[in-house]
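Colleague: These are the residues of each chain, in order.
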Amino acid sequence: MLWKVDTASKHSIHDQLAGQLRHAIAEGRLAPGEKLAPARELADGLDVNVHTLLRAFKTLRDEGLLEVRRGRGTTVTGHAPRQAQFVDRARELVAEARQAGLTDQEIRLTVEAQL
Amino acid sequence: MNDQTQDPTSSDVSTMSRWRARFWLGVGLPTAILAVGYIPFVLLRSELPDRLATHFDGAGRADDSMAVGSFLGVTGAMVGVGLALCVWLARSRRPVPVGVGSTVGFLGPFVAALAGGIVATTAVSQRGIDNWTDAPNAWWSLIVAVVAALLAGIAGARCGSHLGVPGSGRDAVDTPVMDLSDAEQAVWTTSLRSTPLHLLGLSCAIVGVVLFAAATPWLGVGVLVSAVPLSALATVRVRVDRTGLGVSYGWLPWPRTAVSVERIEAASIIDVRPMEWGGWGYRGSLKVMNQAAVVHRAGPGIRLDLTNGKVFVVTVDEPATGVALLNAQIQRRVIAG
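Chains A and B, in that order, are what the protein sequence lines are.
Using my numbering, the letters of the first sequence correspond one by one to residues 1 to 115.
Using my numbering, the letters of the second sequence correspond one by one to residues 1001 to 1337.
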């Protein structure tokens, strides 16, 4: 997959990296079980702090898309593709709701009411 | 793209001389090597038994034999097949890829030295005995023959690689360039897994363990050892970043192949045909030959034309992004001066 960092972008480097990774998983460019390149190598090539990259990995791990195992590298989880699409849509939904003037508490309650 | 297509008349001459040189290397030289191997045999013919010991058991006792005529016939046929292959590979009068040149250069001298070595060492070790069952343990003869064959083959491959045109295999399909602003930095990673190679490595490991446990420990270890490069080469990871292109193999931390951006003249997408690059696996060498190729299958790949005229090829799925990024990095380097 292509990792790209734009220091002139209005999005933070963390958001850029997490977004690209999420998209690559949702579109199947990164298959379940696939191992990501070593974080240090990637950070070196992108000229970013390795902690920024690891934080992006951590975000996706919390979303259930990545499995981070110490010493064994980072892999894409089995159910990741559908999960990634869902996370993407949830993000869109939240952004839309905020634009419509809803507070975070209202969004939470709305989603909860649907469960 | 290919600057090998210069003046047609001058390239015709060099193509003809390369064609002749390939024949000398693939057929003439092996015939000479074989003749040298037969000299001790002819000289010692009267001292040899009617049947020659051709196989030895684990304890070094001869357990199979062949009549002298069939012995020469078998070794001759072995060389014949090798030379026929050489003729078939070298027959093209057009410029051939380096892979073909080095395969011809390896194959001919290798089979000739192997057969010649076996014939010569058999004659030397079995002279003066009355019956083939008295043949002394000649384990060294196989080692001598194999080492001689490998040396002859490697030397031949080195010469042969100069008799092909680097990267004449296939024209580049495309050479895209990615838009990359000064504020942007990008890395492209991909991996390619060869299922046949993976299975081969796995079966070697299983056969090795079974052989080790069952009967012939040494053969088992040998087969087991061969499983290591097979299973490691089964997965190849390729990375393109501002430093250039890097290839790493399976779970092995070493060796890795790195081609720095400074050494790359241009990157392009090509359609890889394994035989034009010398077959499957890691073929050729950037140090001692004019080209190297990491070939896992037929199909798309990345081709790097290096500033020193050499060519590096690696097969990957969807090479367009990687090639475009490499070309962007090359442009950036050129602009930076």
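Simulated from the structure, these hints should not be mistaken for lab results.
Among the hints, a few may not be true.
As the list claims (entries may be wrong) - Here chain A is said to cover these stretches of chain B; the calculated rule only asks that three of the stretch's residues, wherever they fall, bring their Cβ under 8 Å from a Cβ of chain A:
hint : segment
1    : 1103 to 1109
2    : 1186 to 1193
3    : 1232 to 1242
All of these numbers come straight from a predicted model, not from anything done at the bench.
Cβ atoms here follow ideal geometry from the backbone N, Cα and C, with glycine treated the same way.
Colleague: Evaluate each hint against the coordinates.
Modeller: How the hints compare with the structure:
1. 1103 to 1109: violated (count 0)
2. 1186 to 1193: With 6 residues closer than 8 Å to chain A, the segment 1186 to 1193 of chain B meets the three-residue bar; holds.
3. 1232 to 1242: holds (count 4)
The structure fails hint 1 only (numbered hints given earlier).
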